[in-house]
Each structure stands twice: as structure tokens, then as C-alpha cells.
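As given, the protein sequences belong to chains A, B, C and D, one line each in that order. The numbers in my numbering rise by one with no breaks, and the one at position 27 of the first sequence is 27. The numbers in my numbering rise by one with no breaks, and the one at position 221 of the second sequence is 221. The numbers in my numbering rise by one with no breaks, and the one at position 250 of the third sequence is 250. The numbers in my numbering rise by one with no breaks, and the one at position 252 of the fourth sequence is 252.
Don't take every hint at face value.
The list treats identical chains as interchangeable, and a pair is accepted whether it falls inside one copy or across any two copies.
Stated by the list, open to error - In silico DMTMM-like cross-links for lysine to aspartate or glutamate, where the CA-CA straight-line distance does not exceed 20 Å: (1) Lys-137 with Asp-87; (2) Lys-302 with Asp-289; (3) Lys-137 with Glu-36; (4) Lys-137 with Asp-289; (5) Lys-90 with Asp-26; (6) Lys-286 with Asp-184; (7) Lys-302 with Glu-140; (8) Lys-137 with Asp-230; (9) Lys-286 with Asp-182; (10) Lys-137 with Glu-44; (11) Lys-90 with Glu-70; (12) Lys-286 with Glu-181.
I should point out that these hints are in silico values taken from the structure, not numbers from a laboratory.
Protein chains: 4
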Amino acid sequence: MPIRHPAGNPPFNIIRLSHIELGVTDLERSRHFYVETLGLIETERVGNSLYLRGVEERNHHSFVLTEMEETAVIRMGYKMASEADLDSLKAHLDGLGVESRWGEPYAQGRTLQAQDPFGMPIEFYFEMAQVPRMLQKYGEYRGCHPLRIDHFNCFVPDVQAVHDFYALELGFRTSEYTETEDPDNPQIWAVWMHRKGNVHDLALTNGVGPRLHHVAVYVPTALHIIHLCDLMSTTGYLPNMERGPGRHGISNAFFLYVRDPDGHRIEIYTSDYLTVDPDFAPIGWKLRDAQRQTLWGHAAPKSWFEEGSLFAETAVSDPTITAQPIVAP
Amino acid sequence: MPIRHPAGNPPFNIIRLSHIELGVTDLERSRHFYVETLGLIETERVGNSLYLRGVEERNHHSFVLTEMEETAVIRMGYKMASEADLDSLKAHLDGLGVESRWGEPYAQGRTLQAQDPFGMPIEFYFEMAQVPRMLQKYGEYRGCHPLRIDHFNCFVPDVQAVHDFYALELGFRTSEYTETEDPDNPQIWAVWMHRKGNVHDLALTNGVGPRLHHVAVYVPTALHIIHLCDLMSTTGYLPNMERGPGRHGISNAFFLYVRDPDGHRIEIYTSDYLTVDPDFAPIGWKLRDAQRQTLWGHAAPKSWFEEGSLFAETAVSDPTITAQPIVAP
Amino acid sequence: MPIRHPAGNPPFNIIRLSHIELGVTDLERSRHFYVETLGLIETERVGNSLYLRGVEERNHHSFVLTEMEETAVIRMGYKMASEADLDSLKAHLDGLGVESRWGEPYAQGRTLQAQDPFGMPIEFYFEMAQVPRMLQKYGEYRGCHPLRIDHFNCFVPDVQAVHDFYALELGFRTSEYTETEDPDNPQIWAVWMHRKGNVHDLALTNGVGPRLHHVAVYVPTALHIIHLCDLMSTTGYLPNMERGPGRHGISNAFFLYVRDPDGHRIEIYTSDYLTVDPDFAPIGWKLRDAQRQTLWGHAAPKSWFEEGSLFAETAVSDPTITAQPIVAP
Amino acid sequence: MPIRHPAGNPPFNIIRLSHIELGVTDLERSRHFYVETLGLIETERVGNSLYLRGVEERNHHSFVLTEMEETAVIRMGYKMASEADLDSLKAHLDGLGVESRWGEPYAQGRTLQAQDPFGMPIEFYFEMAQVPRMLQKYGEYRGCHPLRIDHFNCFVPDVQAVHDFYALELGFRTSEYTETEDPDNPQIWAVWMHRKGNVHDLALTNGVGPRLHHVAVYVPTALHIIHLCDLMSTTGYLPNMERGPGRHGISNAFFLYVRDPDGHRIEIYTSDYLTVDPDFAPIGWKLRDAQRQTLWGHAAPKSWFEEGSLFAETAVSDPTITAQPIVAP
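Bound conformation, chain A alone (with noise of 0.2 Å):
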């Protein structure tokens, strides 16, 4: 049986995935894109970097645009329920071997960061600055009214090893998975885990990796990613637009997902479903199951199944970057 459950809690609580750092190369181009169309709150500008947040989120960013010669992302950052946590959690990645450095990144407290074993760069913090809510400021509202930062979804050659990892070392837990057609020994082709009590905080997917596929943003009805669609068609967002609106199969969410100026992907997200009971039992599709991609049947472009986003300081020709999809999607 491929999807794992810690037997208990891990000595620490992460709560739920909190911010991601985007290289991008034009930062004005940027804040067009995701404050003027998608509509995210610019908290403040600080050097070259853009602190933006969703609109009902009192944490100071969720994403930080910051402008550099090359695309990459910098950084997935998690929040702890408490210091001490984050205390309990460097030991234990100490334990693993896994390295990890404390740092101040600009807003935040006290946070750890590491890279994952598997090349993926991530950070761990308790507090960080709040500002005010905007969630019935609708005055400000724009775009497609984003609500916070959704989850993460990541490429990764060895999906066991990783969902091994975060699900035994981390606590993440496990809402839905693909597995391939063999019947005897099915393999994990992409899985769907979460700390908040969503459908997800990280997904992992089969594919040249490790590469970011897409962070996602939530919003409040499919009518809000219509109107997206509408408005980025009709003002130069054409080409943006890779795939959907749809339904999921897996996680039944409604979808868009969109690509930024640099081509990091953006999934536009909404009504998923709870999963706080610790014996939810994760949800299995079978990977030739087309409906598990979308309910209505709908393909999905080449780029989607191909193109991420390197992670920074992870080389593609790392030795962590081999293993090709186990089966074509």
C-alpha cells in the first residue's frame, strides 16, 4: 500500500503551506500581472522585491515577487504553530541529516530553511508581520478577488520518496492520489497532501523535477474565474492562459491555471473539500481514469504536463534530477 500516514503526530505542527518567493526579471510586469489582473493586495515594495497577499490574509505577503536576471523560485515557505516548534522541528530534521540554517527573511521571524532531500528549497517561520484584512474592504477588490495562497504542486521524479518524506517525517496527510494501471503493483503517480484540512497545502507529481508545476490561489466561485478569463483575454493576457476553466476530478475544484510573465504557473482555484478527520480515507484514481484530469473530459495541453519552474540553486543536471515519469500522462 503506497500512501503512508504517520502512526502519530510529528514532534512539531506545521500548519499549513503560507508563501512562495518567484524570481521574475520585470518586476512592474509582474505587479500588472498579479495586482492589476489577478488581483492580489500589494502590501509594499522593499528593494527589488513585491510583498503581495490575498484578501482576506493578515500575513504581511503570501507571494514576494523578486526581480533577478533569471526566473526561479526561491523559496515555499510553511507556517509552525509555535517557536518551539520550529525548535523541535530543526532537531528533527538535524536527526535526518537534512541540513537547515535559521534565517530573518524580510517580515518574518525567526525561520529555518532548508532544502528538502529531494532539492526543493523550503522554510519554516511562526510569526510574521500582520497587516490589515482586506476581506470586506471590497473596494479594493480586483481581478479575480483572490482569497489567500492555496497549495503548491510540484514535480518531482520519485513521487513515493517525497510523499514518503513529507507524509512520515513531516505530518502531511494524504486526501487523494493517482496510482498507475498495473493491478499487482500499482505505483503512486501523483498525490495530494495537506496540513490545513483542505484538499491540499502540497501536491507531488510524477515528472523531470524537482520543479514547481504551479501555486495556487483560491477564490471565491467559478463565476469570479470566468471573469478572469474574460478580462486576461481582452487585455494582452491571451497567450496566459494555458488551460481550463474546468472541473477537477480529483479535489472536484473548479480550475484555471494561468502563466505569469516569466511562465510561472498559477493555478485560479475553488470549492474543494474538507478533510480535518484524521481517518479520511484518501481518495485513488486510477491513472488511464481521463475524468480523474478533468470531470468533463477535457485534454490538457502538452505544456501543462511538461513545463515547471526550476527551483533556485537546484541545477537540473543534479544528481536529484533523474528518474523520468514512471508513465506518460
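Mind docking chains B, C and D on chain A? Use the hints.
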């Protein structure tokens, strides 16, 4: 039987209601309401007048706001099918003893202006300056995404008389009406009349008049109205929200009534039905049927029954304004 | 200039498209599709025919499904303004040498039936049996809450010729059209024509014909279409979902195309715009403008361009069916 | 400072509210309301009890309706993280002198049943029979498409005391609260407390109690609530529509309050926000801020402030039910 339809078509063709000019006391304040909040498109400002339109309208204006010392409704405009129809209409009004005169309001062609026999300032034209349609300029959408002007609703002291004039002399058809309870001799209390093929271009309601009860804009869906509620209630316009949202029994439309900064009432309106069939049998409601007001049973506030906008040049002391409501609402 | 409008009104008044009769091979199977799934209201079953209508329709039928050995489109019906208009139309068709005959189809009054000069079976009537309107019987709503029939769309080999007939002889007006790229001599490739005052009652598209491309029903909002996608894709109708949902550039409507169990194509359609102004200037699109198809850039499947329903009594070997598409789609 | 959070986690983990049992006087009549109208899924009927769930729920029941002579609220259920947590909770309640006993209600595993110190019948369990999830069985959707149970809201005479018990002894966290105007010594008037990470599992409001004010179901969008209004108002349930639809200031949720055939109040609820961060600072509202009730300024009817459902076995003459509201609403 109080509802009357013309035996045939009159010798001219009124296509639809088209525009309204409202006197306002502070043009900037009104611009913030109509453009920034409701989302009407600003065509241009000329002198003390601001010309606005809905996102699907190619006509130069459907709303004209003119700064003046006292608020008033200055004119209610209707579009004719041709220039020749204007002349036929003039001859018809002459024959009825209704005085009319030619004018050429800004951005309109030859325009026939009159007071109807009940004191309401109406005008008719065929040609108006055309401007770009914004329907697919989604980047310009604001507020509740108003598509177009939909109808006028007026208080009049003698609904039957005004109905007869618009039906028998001008060719309006009735879609719905309210009548008093008296089984032997029911009186029309309110009536919804149209030319363009939906529920109404002009509604008449029993009350001290003539006064404008409201002018309506059509929006895409109920969710756009809900967003406007959220927007107005958090940007200083809470006192301007008078009634709704709700579902009218009459017309089945989803509605919200708001007051502009001068107190003119605007209905935000969606989802009525098609009435193009000449043999469409008007739908009658009894006055005591609470669901005619809203299907959901909500009471309307007193102001909604009592307050309206005066027409310029029509003093309430005018002899045409004498009748009181036949039945209290 | 290929788009033509009548110099004046013809001596009769076609109000709108009204109904269609489709030959189906299994009435129970079709009932499950149209009534249980789409949500049309069943008026009654008489013999081998099932009479259906939308929730706002008081006409006895807008869809007639008749069980027969082979599928076909049997008749496309239009409502006239009066009985006298029927006689005027008959005289007009006689004058054009278009053969017509009187009939009295079930639940309709005197009906003028003809093949138009291009082989399409059309009929005209004024009177139809009236039945209760279900618009406010929300307990009877099913599926996508279809309000009413909206339009026909037909493949024809010579769009210009059919356009000219419907425009100059029958009084249809053009709202939008597609033309070929040739800057000196652009050809009409498709055209949207109306009588009732929205985007179309009848669209014509370049192709092997005459064949019905689709018939459309109007629904309240895009969310009703999304629900239908969810419903069809999980109740065995996934193969019947052919294209969409999406936003047409032409008409700006939100659409979904589905195929009934016999392959007849139904468009689920919402949110077009008002076209009642006689001087509405048709909107032209170039054939290579991908956004005319969908604003969002989605490609339509091959079947959508090639497949259609034959009209009964019209063999494809008929000499009227010879032209091939001027330009490949 | 009246809002209290536990210093650490209690030695057990309450995951979320889970289910409610309501006494009803006519099971068929209640089935028509909850299943045919609201759209809850019927799991099964056993004896005099009907077991229902939302479309995304795999638990056997979230609503249990039991036919009895007098209406009452029989039990409010909470799910624990494990069987061991049940034992820890029992020990904790024993230590507090709160009497509890083991039971095994139908389709549940070992269940700890108690009256809380304020007279409310609560129960805790880890295991419940699992049944098929209907989330992607769209053909089974009815009414307002209820996804899941969301929260309980109870009248209690001493909000501070009940808050302290649920916060300090059971580990509930506060998302929002209302307090009286007194600047020096504000009193909590109402409080929203959660375990599952959205706005609430349990709200407490100042009033004669303990009584259930309402139990809520979560639905996908505001349009589903509007459809329920249309549906109820035209199928004989108009008198059961008590308040709304509207937008709460508190929680920002879109709501409708309806009464079941026995008068139990059900909230139809959507679109609140994520509260999983342990350092989420509760949002305070002053009692006189009308927008806390609804952002749009609508008044709630008197019944909404005064009426509630008694708990079985709790007579209102019980000494715990003595305090009157600190401040009139």
C-alpha cells in the same frame, strides 16, 4: 377590463427607452457614485453634464448627469425606428393636442421634446452619436458591470389614464399589472409596459405624481448585485442602499434599489423574460398578494413607497398632480 | 458590402423563432436527456411525439421530439405577429415562387409550411395553445434551468445567398458576421441574424448543407452551464459534451455544446445583448481572428465544424447541396 | 480581556462539530423539508429516525431527525482525533466534575455523552460508519446543494462562562466576538469559536438559554442560496424563511435563515475564511455596530433574536437558565 392594447400599430415605432437626464447638485460626487461604484462607462464630460453608458451600449449616453442647483429629472428619452417615425409621431401628438417642439440635445440628432399629458418630460429621437462598445473590454468593467439602461418607473396619480395614453396612443404593450381587490370593479394599481420585448420600458405606479420612482440598469447576474451590496456597504454608501436584494414576484427579476447622492432611485436589475409575442397575455396580481412585491416576502421600506424625484418644470402643485393612491400600498 | 438590410419592413412581421421538431430514434432515451438532464418542461406526449418547453415559455412547445426510424430535423418554426401576417407572407412567398402550403400541426393554429429556396423546412404560425408558465414554479426546475429556445444555426453552402433571402425577403437583420481575409473582396463566411432583438434567431455558417448545426436554449447564468457540465459528466453523458464551456467572441455569449442521444447538437447559451435598434451596425470579424470563436482562445473539435443534422426530405445529394466551405475553418 | 485562549493544547483533540439530533413531530414532513427542499442526502431510515448528510460527507450522518411527541435538540456531536482522545477527554471531564457516560448511538463507535456544565447535551466519538461520498454524484444534487454541516449556534445566559469552558477546558479558539459598548469594562455579548479552522464550530450568543439558536449547513455559493429562496417561496415554505439572504459583517459569510417544520432554525451559509493560524487575532465588534449583523444594514426580525430550540432534558426552569441578556440586541 382595464388593460388595453392598441388595435393595431400606431403610425410610428418607438423602439425602446433610451436615456434619462438627471439634475444633480455635485457632479464629482455623482461621478463617484455612477462611474466608480455602479460601473457605468464615462463617455465624456461637456460643460456641466456628464454623459454615461452601460458596457454594451454604443449610444453616446443612456445617463446624463447635469449639475444644477436643485435635483430634478429633466428628460426621459425614447429611440424611434427612423427619422420618418419622428415626423409621424409629431403629427400624432399634434392631433392629440399634445404640444411638442424640435430640439437637438448634445450628441443626438433631431429630437422631439414634449411633456406628456400628465406632466412627464419625454423626448424622442432616431439618431445618436455612436461610441465604442465596451462589452468585450473587460478591463473597463467596474462595480456591478451595468450592461444597459432597462426601464423607467414613475409614480402617477391616475395609472389607468396614463396607461391608456401609452398603450392606445403610443403603442406600449402590457406585460404585468397589479389591481385592487374589489372583485366587481378592480382598479389598476400599477402596470408594466414595454416596447423592446422584455418586461418593461416604462412602469407606472399609483402615487403622488408625476414623479420618477426609479430608473433601472440591467446587470448580468444576481452575483453582480450581491457584489454591489458588498461594495456599497463598505465604501460609504450604506445609507444609499434602500431595498433588496430580492426577487420580484412581478417580472421575476432579481433587484436592488439604491439611491444616488441626490436621492434619485436606481434599480439594479437582472433576469426578467422575453415578451415579444404580440399575444402575450398580461400577468395580473392582486394588490394584497405580498409575493408580487418580492417572491420571498420581504417588506419594502416606507421610503420606497413614498419618495420619488420631481420632474423639472413640473411643480407638485400642478393641477395634474392631485390624485392620491387609490389604495395604500 | 455583403451585409444587406431590407430597405423597409416587409409586408408581414416575423416575431421570432419559436420551435423545432427533431426526429429521434428512442423517445424514452431522448426524454431522459431533454427533460431529466437539460431540464426542459414536458408539456405532453401525444402518439410518438413529446412536446417540451422552457420554464418561462407559455407556448405549448418549443421542442418537439418525434420517434422515427432515422434522425432528422423535421421543421423549424417561426411565430408571426398576426393571422393576417400569415396571409401576407403566403402572398410574398407565392410571388417569389417559393411553394408553401397550409397545415395545422398539433397545438398550433393555421400554419404555413414551406421549404425555403435552400431546402430548409420552415413553418410560420400565429396561434399556439398556451400552457402554464413555470418561471415561478421553482420546484419544477431541473438541469440547467432552460428558460426558452433561443436560435437555430444552420450549415449552408452559400451563406451570402441565404443571408440575402432572409434579410431582403423576410426582414431579418444582421448583428454580427465573419468574413474571409481577402482585403479586396471579402466573402461572408457566417452571419448572425435576428428578428426578436437579441443576437440571433438564425445563424448561417459556411458548410455542406443545408443541415442544422445546432438549436440553442437560453439559460440564466454561466453557473447553470457549469452545473450542467458537472451533471452530464457524472450521469453517463460525458461523450455527449462536445465543446465548451467558453465565451464566444461573436455574441459574447457563454456557451456549451452538447449532443443529444441521436447526435443533434444543442447549444446551452446565456448572456448575449440587445439588438433592437434598427441602426445597430453589424459587428464584423475576420475569419483568422481566433477570438471570434472563443474569446479565450480554445479550439473547437473537428466534429463541431463538420457534423450536423440533415433536414427530413432533403437528401444531401440534392442539387442545392453542392458548395463546399469557401475557406476551411 | 475577555477572550481567552488555552495556554497550550488540552490532552485531547476535538477535530470539529460533526452532527446534531433534532426531535421532530412528523418525520415525513421533515423529510420533505430537509431532503426534497434543502437537498440533504438520505443515508437511511431506522425506526423513528432519519439519518442525513451533506453531499461531500462520508460520515453516516450529520443530521439525525427523530420523530417524537415534542420537538427538542437531543444531542450535538463532535468528532475526536482518535479513540485514545476519548479516554483523555473522559478523564478531563471527570477531573472537572462533569458527569459523562459511554454510549454507542446508531452507526457510531464508542461515544462519550454528557451535559456540559451549562446544560447542553454534547457527545464525542472517533468512529462513525462511512458511506459513499456524493460530491461527484451531481445527479443526486437537490435544493441548495448542501455540502456539509458547518456549525452550531447557541443562546446561553452567561456567554463569558461558556466561552471560558470551551476555550480553556476543551481547546476551542475564538475567531470573532461582539462586546458591549462600555469602554472600561466591555462584556462579551457573543462569540464565534472553532476547532476545524474556519470561522466556527460553535457560536454562543447572549440570551435565555441554553437553547439552540441554529445549526448551519455550508453550500457552494450565494447563487445556491438565492435558488433556495426562490424554491422555498414557491413551494409552500414562504413562512419558513425567517431572515436573509444577506452578508454577515461577522464572519463575512453569505447567509439565509430558515425554520424547519418544527421551528428549528437552519442557517444556509457560505464563504467564510480560514482560521487555522494559532496566532489568528480574534476580530472584535461593538454591539452597536449594525454592520456586524449584516454588512448591508438589514434588521433581523424579532423572532431571530428571541426564538430558539430547547434541549431535551433541559427544562427552562433549570437553575442554569436564569440570566437575561446583558444588553438587548
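- Message: Under the constraints set out in the numbered hints, which ones does this structure not fulfil?
- Response: 1, 5, 7 and 11
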